[in-house]
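Novice: Quick mapping for you: the protein sequence lines, in order, are chains Y and U. Heads up, the first sequence is in our numbering, so the first residue is 1 and it goes up one at a time. Heads up, the second sequence is in our numbering, so the first residue is 1 and it goes up one at a time.
Calculated from the structure, these hints are not laboratory results. Be careful, since some hints might not be right.
List of simulated lysine-lysine pairs, DSS-like, C-alpha gap at most 27 Å [said to hold, decoys possible]:
| # | chain 1 | residue 1 | chain 2 | residue 2 |
| --- | --- | --- | --- | --- |
| 1 | Y | LYS9 | U | LYS105 |
| 2 | U | LYS105 | Y | LYS57 |
| 3 | Y | LYS9 | U | LYS81 |
| 4 | Y | LYS9 | Y | LYS57 |
Here's the letter readout for the chains.
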Amino acid sequence: DSGVTQTPKHLITATGQRVTLRCSPRSGDLSVYWYQQSLDQGLQFLIQYYNGEERAKGNILERFSAQQFPDLHSELNLSSLELGDSALYFCASSVQGAPSPSGANVLTFGAGSRLTVL
Amino acid sequence: GQSLEQPSEVTAVEGAIVQINCTYQTSGFYGLSWYQQHDGGAPTFLSYNALDGLEETGRFSSFLSRSDSYGYLLLQELQMKDSASYFCAVRSSNSNSGYALNFGKGTSLLVTP
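Could you put the whole structure together from the sequences, leaning on the hints where they help?
Specialist: Here is the structure:
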């Protein structure tokens, strides 16, 4: 158990629908990151939050949105779903929010939420 | 732009040594990280290099040459459980004030008996 909790583990839905994925970061971590991993694809960075504020934005579609709440959990909302949105969605957390002299920003990943759009 | 290139697949025999290369192109370099992911599982952190040279952690070592924008992960005394995907990563150029990581497409390592 990495300490990062993601729900649900599996989700099957239809095109055009909307889903919400939830993530609780590891205790003490202030940053939350969302990544998308499609079949045979690498990890695509979507968005980062640090202590409730958006800090970095990757290739996140306009149909997708996220937020981080005061208790530091985060939600990723996916709307108007398309077949191509079927993927494994990972949440990761870290202590750091920005580069620092302490070096590596070690991301701790959750087990992922597998979304299937039919 | 930003890019990370690594081989898509590598096969090696149990007990052997394998090297997985990574070349990167990025602005604002903050070090090269390596992650391991077993099939369908969560990626886990392996190693990090901020300065040139070799970092050793047990059977795994990682090397960085900043002048060549190149690094590699070296796995020694390969075990069957090392069969997994290995990703190199650098700080995303979309990070703004943050510290997101951009990952390469990953190298699938198959260890055979």
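Novice: List, from low to high, the hint numbers that the structure doesn't satisfy.
Specialist: none
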